[in-house]
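Could you put the whole structure together from the sequences, leaning on the hints where they help?
Taken in order, these protein sequences are the chains called A and B. Once you know that position 104 of the first sequence is 104 in my numbering, the rest is easy, because the numbers rise by one and skip nothing. Once you know that position 171 of the second sequence is 171 in my numbering, the rest is easy, because the numbers rise by one and skip nothing.
It cannot be assumed that every hint is accurate.
What the hints assert, rightly or not - Here are the computed lysine to aspartate or glutamate pairs in the EDC-like style, where the Cα-Cα straight-line distance is at most 20 Å:
(1) B:Lys-44 <-> A:Asp-404
(2) A:Lys-400 <-> B:Glu-184
(3) A:Lys-341 <-> A:Glu-322
Hint data in this document are derived by calculation from the structure and do not stem from the laboratory.
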Amino acid sequence: MSNGTSDRKPSSPLKDSLRLLFHNKPAVLSLFMIVLLASAAISGQLLVGKRPTEDQIKLMDKAAITGDTLAIEVKRGAVLDHTKTELKDTFLPPLSESRHIEGKVYFLGTDDLGRDVLARLWAGSTISLTIGFLAVGISVLLGITLGGIAGYFGRSRVRLPLLAMLLLGGGGGVLWAAEFEFAAIPVLAIAAGFFVVQAVMALLGKRFSSVIAFGVVLMLSLSIFAYNSSVESSTPEGRAYISASQVADESYMLVRQIRDLGAEVKLIEDTDPRAKDNEWRLAAQLEIENKQAALNLLLSQHALLVHETQLEIVERGFGEREERIAHLESLDLADDAAMEKNILEGDRKRLEALKAKTDELTKDITVKETAVTATSEKTTENLEPLGSNALLERRAELRKTVVDKFRAERDNRFETLVKGKNLDGSTRYGAYRVLRHFITTVVLYILLLVTALLVAAQAQAAAGESRNIVSKLFIPTITVDDLVMRFTEIMLTIPVLFLILMVLALFERDVYIVMAVIGLTSWMGTTRFVRAEILSLREQDFVQAARSLGVSDFRIIWRHLVPNAISPVLVSATIGVAGAVLAESTLSFLGIGAGENQDTWGKILADGRLFLNDAPWLTWIPGIAILITVLSFNLLGEGLREAFNPKLRGR
Amino acid sequence: MLSYIVRRLIQMGLTLVIISVLSFLIVALAPGDPYAAQLDPKAKPSDIERQRDQMGYDDPVVQKYIKFYDQFFSDLAAVVTGDSSHEWRLKSARTKEPVLPTMWQKMLITLPLVILTTIITWTLSFPVGIGTALRRGKPVDRIATIGSYFLISFPGFWLAILVIKFVNGTLGIPVVSPTTLGVELGGPREFMDRTWHMAVPAFIAALGGVAVLSRYVKGQMLEVMGQDYIRTAKAKGLDGDTVYYRHALRNASLPFITMLAGLLPSLFGGSVVFEAIYAWPGLGRWVFEAVLAKDLFIVITSLFVGSALTLVGILISDILYSVADPRVKLA
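Here it is, written out as structure tokens:
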């Protein structure tokens, strides 16, 4: 190896690697294919995005009635729309001409619904490749970060109190965000108690800066939180939501209370049927009655709020519909405009009817208010004790009519967050407001957590400085390396396929969830070899030299370690894309990957499976597309591996 | 050695606790109501309430978690000890079948398929790997390399349905499901029928493994053959077979002991994909159907058991490795 280098000009390792890569014919071919596929993926989204608008379709339909059929069909056919079903040109083999539209050729044939296979494949390439790249992006990012931390900072030790606070605070926050308040409250309480101890320790050690920072962030978040909730309650939608979640919580608590009483009553009935009325049982029953009355009042108030919201939504809709009518009239679509006008009239009538209902609802509230005072004056003396069966039915009734309904309404809020839908199904400002509320809350919580950790860090530093042997003994530590690698080992143990299946069992079918799961469960290999690479690199002379020159950690990592450790990451990422594309198509084929409107290659293949004998191209074409993609990434990865291998360099 | 195993067992226990918490949390934190899918919609409201009480529907998450694993371990003890009088506590709410005994039955159905797949994989990849390593750069090696790339990249599910079409359509031999349904065959014909039904999915499932494993074997062989002791063996005049099979192969096989770790969980999971396509009523398909029906108890149980088996497999392979390679010291 060394004798060959003497008669050649010296060149950089990168140039050597590239030269090797470009001498590898399969790798070059794969690279070419990947570029082609990537451009198909990008252009596919652009082309598919150009679907005819509602108005265009209406104009086309109008022209179709007047007789200009062919022109319209061609115009429609020209738009590359993979979702369009023509139901005319079904099962045309590749390269065949349309039976209806002159000059239109289906290069890859059509499927059972008359969809152009080329268009579906083209559109599918966007999703399939995006999934591959994003999944690998997530896994590489996680892998490099964790591996880098474990490799470079591996020897430093984390104090377990810090870790405990991070876990308690973070876990409590997640629980709270998922609306498991009853589980979150004890966790957060422990975290808060823990924090108070740390803050006192920091203050005793005369380290004020972090405590002050925490105080500032706390004040900031409280004021923003107050502002957010004031904005929230200033619109009827926000108020309706708040009262819906209040009803959901209250009614659920009531159901649980009835359940607990029912269990006790059942116990009494089973052991001693004659023991009908003891004092505590009646007292519990009375409390339930009171709460029921309060809940009824709350329900009436909520009904009024929802009513007000509906009023506002209808009024808001008027302006928009008037604009729409003007627009349709300008397009000469008189029929459609008339239809819109009819709807507008209907809405006007609805508004009148709604307004008439307002008084009724207000009256209902006063009735419920008097009922609350009436039940609060009741005593246990003239109360008939309820049996366990009666309690059971009462609970069932309450759950069916109130709890389920309001929990669904509150969960709709989750939909609002995720999908940007408003209470009335529109995507106007309400959704943005909700999203802003969510984001500010999350960001502020993370800020609070970080400053709390800083306080704890200062407290630990103060404790470490003091010569007090007790404070030193009581602070166990763990190395960063241990921490990261134990976590990696746990993740390696979980069977990924079962984990994917479990997540898919819980969420709606969505290919991006599949992507996230693939990404989040495939970073462990990268972590391991990045760590190993950095461990060996950081001991090398050039890194030691840089360190002795006083170069900062950050600069050493970016200038010396990352460029040297990046090549194996690149190789595994390239091969990882192949794996992710294959995994996604397999899951979509099984019907648990892609969602309803997501036409991935695996799903196209699954659709064609039914027509294996009549239309074999429906499975062969997506199959070959997957094969070529996966093969290209695998071959390129192998080419990169050879090109980067120092043993092969310079040959 | 003993202290090492004890320490590893403690670590494994901790890992399992974390996995159990994580898997339960995913269920608890998911949007929607996972327990609702398990209720009988036709029952009276008060009966549904009773079902909910039995399930612990209104309990806090922690209580649900404890209840679930309490049921799981009491059933597990009964499965392990073969206690036939045990009343099964962990039941699928959908089918009312006890989870762990059913899982055991399904595992027995999956077992022959997985064993056959493993045998095919290992018996094919070693000769291919060794052969290509000894003939490096020759046409055989190139063809094998190209072939293995194609096999690695081939979507297995597509290959599976193409093979079904070929064997079933062209050769006229039914291969889907473990036996041909609705036909009473006897004697050798039934044996052949069963063999076809098992061999085809096993072979298709093995192909991907062969492609990966043979390349790995080849790499190991090449690495070992570059070592000094092989050169020494050649220099002292040993014949090729002795050098390759007694010196090189023995040392090259060492890393494959770690692959035994993967066998244990695969005995459990088998291949969900191929079981789903070939309608093999084994464990993988069972879990897959549970996923589609949102039958959470089955899914959590399988995740937990699968993780536990993986952990045990890793421990066994570590111990085997130290036995096989005296240079490795367990500490």
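Here is how each hint holds up against the structure:
Between the alpha carbons of Lys-44 (chain B) and Asp-404 (chain A) the distance comes to roughly 16 Å, so the proposed pair stays at or under 20 Å and holds. A hinted pair counts as satisfied when its Cα atoms are at most 20 Å apart, and Lys-400 (chain A) with Glu-184 (chain B) does not qualify at roughly 52 Å. Between Lys-341 (chain A) and Glu-322 (chain A) the CA atoms are separated by roughly 8 Å; this keeps the pair inside 20 Å, and the hint holds.
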